[in-house]
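Make a model of the complete structure from these sequences and hints.
Protein chains: 6
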Amino acid sequence: MRNQGRGQKPAKRQQRPQNFEYIRKLNGKIVKIFLRNGEKIEGEIAGISTYEIIVKVNNKNLLIYKHAIDYIEY
Amino acid sequence: MRNQGRGQKPAKRQQRPQNFEYIRKLNGKIVKIFLRNGEKIEGEIAGISTYEIIVKVNNKNLLIYKHAIDYIEY
Amino acid sequence: MRNQGRGQKPAKRQQRPQNFEYIRKLNGKIVKIFLRNGEKIEGEIAGISTYEIIVKVNNKNLLIYKHAIDYIEY
Amino acid sequence: MRNQGRGQKPAKRQQRPQNFEYIRKLNGKIVKIFLRNGEKIEGEIAGISTYEIIVKVNNKNLLIYKHAIDYIEY
Amino acid sequence: MRNQGRGQKPAKRQQRPQNFEYIRKLNGKIVKIFLRNGEKIEGEIAGISTYEIIVKVNNKNLLIYKHAIDYIEY
Amino acid sequence: MRNQGRGQKPAKRQQRPQNFEYIRKLNGKIVKIFLRNGEKIEGEIAGISTYEIIVKVNNKNLLIYKHAIDYIEY
Chain A
1 MRNQGRGQKP
11 AKRQQRPQNF
21 EYIRKLNGKI
31 VKIFLRNGEK
41 IEGEIAGIST
51 YEIIVKVNNK
61 NLLIYKHAID
71 YIEY
Chain B
1 MRNQGRGQKP
11 AKRQQRPQNF
21 EYIRKLNGKI
31 VKIFLRNGEK
41 IEGEIAGIST
51 YEIIVKVNNK
61 NLLIYKHAID
71 YIEY
Chain C
1 MRNQGRGQKP
11 AKRQQRPQNF
21 EYIRKLNGKI
31 VKIFLRNGEK
41 IEGEIAGIST
51 YEIIVKVNNK
61 NLLIYKHAID
71 YIEY
Chain D
1 MRNQGRGQKP
11 AKRQQRPQNF
21 EYIRKLNGKI
31 VKIFLRNGEK
41 IEGEIAGIST
51 YEIIVKVNNK
61 NLLIYKHAID
71 YIEY
Chain E
1 MRNQGRGQKP
11 AKRQQRPQNF
21 EYIRKLNGKI
31 VKIFLRNGEK
41 IEGEIAGIST
51 YEIIVKVNNK
61 NLLIYKHAID
71 YIEY
Chain F
1 MRNQGRGQKP
11 AKRQQRPQNF
21 EYIRKLNGKI
31 VKIFLRNGEK
41 IEGEIAGIST
51 YEIIVKVNNK
61 NLLIYKHAID
71 YIEY
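Going line by line, the protein sequences match chains A, B, C, D, E and F.
The letter at position 24 of the first sequence is residue 24 when you use this note's numbering, and the numbering goes up by one with no holes.
The letter at position 25 of the second sequence is residue 25 when you use this note's numbering, and the numbering goes up by one with no holes.
The letter at position 52 of the third sequence is residue 52 when you use this note's numbering, and the numbering goes up by one with no holes.
The letter at position 48 of the fourth sequence is residue 48 when you use this note's numbering, and the numbering goes up by one with no holes.
The letter at position 32 of the fifth sequence is residue 32 when you use this note's numbering, and the numbering goes up by one with no holes.
The letter at position 36 of the sixth sequence is residue 36 when you use this note's numbering, and the numbering goes up by one with no holes.
One or more hints might be untrue.
Note: identical chains are not told apart, hence a pair may lie in one copy or across any two.
Claimed, not checked - With a cut-off of at most 25 Å between alpha-carbon atoms, the simulated PhoX-like pairs for lysine-lysine come out as follows:
1) Lys25 to Lys60
2) Lys60 to Lys32
3) Lys56 to Lys29
Bear in mind the hints are in silico, worked out from the structure with no lab data behind them.
Keep in mind it's a predicted model, so treat the numbers as computed, not measured.
Put into structure tokens, the structure is as follows:
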């Protein structure tokens, strides 16, 4: 359970289950997604699964693999 | 089970099993697949396994590894 | 077991075990392998393991890591 | 448990649980993050999950995937 | 156990345990290793672990991560 | 347990536990680390965790992700 090993300030993060993901909080939000190929995609996050993110951009739906994402600005 | 950690709107996604993948819904559909190498492949998704996607393009069959996919437009 | 979460056409893929891989069907076949480095390798698939593919090209044997493969044409 | 296999100096690291991560010690600190795309991001680490790091840069929040990070200077 | 799902020629590979790796057969051999960075390293494989390969090249020892290898010619 | 499947010389590696890593032997040593971005970092390995390596370079501490390392010369 303790995942710091040495005496440290009691960690806020220990209250989160191990599969916690920040990305889940961005569901329904408009974000900018920076991909490994250099592309920047701006759109609404419309779905999230273990390895995928669904983004609505204009009239298109994109299934983006998380492994292709460098970072997301929100 | 709760994978958000803090009080939030009851999540629709909790109704999905953990191995849910959006890609499974695209089986049989014509999509555009954008690869990490810059290629764009348009074809019909003809099969999906844990790490692979089978795509029919013209007269060819392609076994595409998911790790090589940046995103899919549908 | 159900890996679609919502009512959908009974999926053929549920008949396959979870470790099913399409690549296993290509054992012994001549294929074109497109790598992440841009190389295209044409040869006979002579062996498959969890992370590796053995390919015979001319007089050489190649141990190719699946992670280096973008797609395979067959 | 022993993860060195051969007689060696008793390892300090055996005192750490297997899911120990150095990144957890950098929570709240200002760091420089070097990404695989060549970008260098300087900011405060504001959150860490299994696969993600939250960084505050100026007025923006970034959700950075660990897989996109080459190294962090601190 | 069956990892083909449909009636097919009884697979030789079912005789191998699931963690079988071809790379283990190359221990002690001189090989050419092609890396994702474009480098070609020729040397003797002197050790193999789950994620690493030890290679002796001239007077140097290299610890190469498997994830950095595209393919090995032998 | 047997991870070769076919009769072969009794493997030294079977004496090592499955989570054995050569990198653990380099703790405290001065090494050259070659990254996927083309950088070469020379420094002392000051810590190792499952996915990270701590390196001291001049007056700086670097947390390097293993996934970003191509190879290490030692």
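Here is what the structure says about each hint:
Taking identical chains as interchangeable, the C-alpha atoms of Lys25 and Lys60 lie at most 25 Å apart whether they share a chain (22 Å) or sit on different chains (16 Å). Taking identical chains as interchangeable, the C-alpha atoms of Lys60 and Lys32 lie at most 25 Å apart whether they share a chain (15 Å) or sit on different chains (11 Å). In the homo-oligomer, the alpha carbons of Lys56 and Lys29 lie at most 25 Å apart both inside one protomer (10 Å) and across protomers (18 Å), since each shortest distance falls under that limit.
In this structure, every one of the numbered hints holds.
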